[in-house]
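Asks: The lines below spell out each chain.
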Amino acid sequence: DAKTTQPNSMESNEEEPVHLPCNHSTISGTDYIHWYRQLPSQGPEYVIHGLTSNVNNRMASLAIAEDRKSSTLILHRATLRDAAVYYCILRDSGGGGADGLTFGKGTHLIIQP
Amino acid sequence: AAGVIQSPRHLIKEKRETATLKCYPIPRHDTVYWYQQGPGQDPQFLISFYEKMQSDKGSIPDRFSAQQFSDYHSELNMSSLELGDSALYFCASSLNSGLAGGLYNEQFFGPGTRLTVL
Numbered sequence: 001d002a003k004t005t006q007p008n009s010m011e012s013n014e015e016e017p018v019h020l021p022c023n024h025s026t027i028s029g030t031d032y033i034h035w036y037r038q039l040p041s042q043g044p045e046y047v048i049h050g051l052t053s054n055v056n057n058r059m060a061s062l063a064i065a066e067d068r069k070s071s072t073l074i075l076h077r078a079t080l081r082d083a084a085v086y087y088c089i090l091r092d093s094g095g096g097g098a099d100g101l102t103f104g105k106g107t108h109l110i111i112q113p
Numbered sequence: 114a115a116g117v118i119q120s121p122r123h124l125i126k127e128k129r130e131t132a133t134l135k136c137y138p139i140p141r142h143d144t145v146y147w148y149q150q151g152p153g154q155d156p157q158f159l160i161s162f163y164e165k166m167q168s169d170k171g172s173i174p175d176r177f178s179a180q181q182f183s184d185y186h187s188e189l190n191m192s193s194l195e196l197g198d199s200a201l202y203f204c205a206s207s208l209n210s211g212l213a214g215g216l217y218n219e220q221f222f223g224p225g226t227r228l229t230v231l
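Here the protein sequences line up with chains F and W, keeping their order.
Numbering-wise, this note's numbering puts 73 at position 73 of the first sequence, and it's gapless, one number per residue.
Numbering-wise, this note's numbering puts 231 at position 118 of the second sequence, and it's gapless, one number per residue.
Note that these hints are calculated values from the structure, not bench results.
None of the values given here were measured: they were computed from a predicted structure.
When the alpha-carbon atoms are kept at most 20 Å apart in a straight line, the in silico EDC-like pairs for lysine to aspartate or glutamate are as follows:
| hint | chain 1 | residue 1 | chain 2 | residue 2 |
| --- | --- | --- | --- | --- |
| 1 | F | Lys3 | W | Asp155 |
| 2 | W | Lys135 | W | Asp169 |
| 3 | W | Lys128 | W | Asp198 |
| 4 | F | Lys3 | W | Asp169 |
| 5 | W | Lys170 | W | Asp155 |
| 6 | W | Lys135 | W | Asp175 |
| 7 | W | Lys170 | F | Asp92 |
| 8 | F | Lys105 | W | Asp155 |
| 9 | W | Lys165 | W | Asp184 |
| 10 | F | Lys3 | F | Asp92 |
| 11 | F | Lys3 | F | Glu66 |
All chains, full assembly: derive it from the sequences and hints.
Replies: Written as structure tokens, this is what we have:
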């Protein structure tokens with residue numbers, strides 16, 4: 001799987017937008033970009049995924065660079081509940097849906113009240 | 114909504130003992146994944162099963178084995194336990210049938226089993 005690079009940690013204030021970057025300069029044309037997060041003492045949970053176009057769902061938005069070498073997860077209005085480790089993960093569409101996720105180092109997001 | 118169920122939630126074993134962890138996927142999900150998360154570490158993929166057949170294999174030690182049963186639940190069997198096996202073990206499930214590659218299907222994680230090896 002192609003490698004991703006994320007900042008170790010980021011800090012933001014409650015009710016402000018948060019932009020979490022991810023670099024994946026070796027991404028291949030068949031790689032999807034997935035984001036998961038892990039809240040303290042819980043299992044990871046899916047956030048969002050995309051291929052080329054920007055994506056929105058009820059949790060977040062995903063902005064993908066035109067060359068696909070980087071992406072940004074956007075939390076529009078962070079709450080204390082969003083404090084978690086956020087993982088950017090590439091999944092090869094040729095690998096099949098039952099392939100495991102490769103978790104990198106992730107970004108530890110700290111939300112200040 | 115029903116979630117992934119893992120049992121037991123906590124398990125304490127001695128070195129060289131065996132342990133069996135169980136995972137009950139979300140109803141109608143056909144794929145199960147196992148992950149290991151050591152203290153202060155990120156989750157590491159161990160193994161996955163789709164329709165009761167092994168699908169993908171990660172960094173699962175030879176001392177570990179797993180299977181998925183006809184009711185889709187899965188068990189992770191761990192033998193000759195070592196101190197370094199102390200970790201959180203997560204099971205996840207997803208539905209992969211009927212879609213191209215199943216990549217659109219998120220993995221739903223259970224609450225984990227905390228294994229402590231003394």
